[in-house]
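Listed in order, the protein sequences are those of chains A and B.
The number in our numbering is simply the position in the first sequence, starting from 1, with 982 added.
The number in our numbering is simply the position in the second sequence, starting from 1, with 245 added.
Think of the hints as simulated: they come from the structure by calculation, not from any bench.
Note that the structure is a prediction, hence the values are computed from the model and not measured.
Every residue gets a Cβ at the ideal spot worked out from N, C-alpha and C, and that includes glycine.
To give a feel for the contact side, a few chain B residues facing chain A, derived at Cβ under 8 Å:
| id | residue |
| --- | --- |
| 1 | 288 |
| 2 | 289 |
| 3 | 291 |
| 4 | 294 |
| 5 | 332 |
| 6 | 341 |
| 7 | 343 |
| 8 | 344 |
In case you want the letters, here they are:
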Amino acid sequence: DAGVTQSPTHLIKTRGQHVTLRCSPISGHKSVSWYQQVLGQGPQFIFQYYEKEERGRGNFPDRFSARQFPNYSSELNVNALLLGDSALYLCASSLLAWKPMNTEAFFGQGTRLTVV
Amino acid sequence: DAKTTQPTSMDCAEGRAANLPCNHSTISGNEYVYWYRQIHSQGPQYIIHGLKNNETNEMASLIITEDRKSSTLILPHATLRDTAVYYCIALYNNNDMRFGAGTRLTVKP
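Given the sequences, and given the hints that come with them, work out the whole structure.
Structure below.
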């Protein structure tokens, strides 16, 4: 079985541009979460989607948005890129979302975004 | 989610047990303790989780104190490939996993 797949693996963008990152969850998983990991720090929660609805949002500006499609894949969009948006963007999929936690999240390898 | 506290770094000799502590003194009764690790430049990898009882799987053992205020992840026979950052997380659901800085474990030959 394929794991969580993210595309692209690496991306270089210029300040002010827009970027779209993509994630395909493990087959059968309906929950997708997005995290930002700046160098030297732990991942920071951005969004969670479950059954195509937003179920959670972290402390990120409105420049960050996401959506989940009927096939449960997801896109993370970032507008008006800043140098500080340079980070590893991680996608995680899991079976359940807000129910009592008894299942793990599976992470993709991430998309390395560099803003110049 | 309850806040967790972990040492910044630890060393372990190859073949010996690695014991990684985590404090979660404000954990609530329905929050699980989860452990993930992240090897350089890869996505975090699930290791183990538990609520009250000690747990063991093919990767590690998790020992949770009776008052649930702390726990220890045990890698019974550490190898060089276990060198990674280990994150302890206390959470009720995976709506917002707060990773913190984790413990950087270095396994030395």
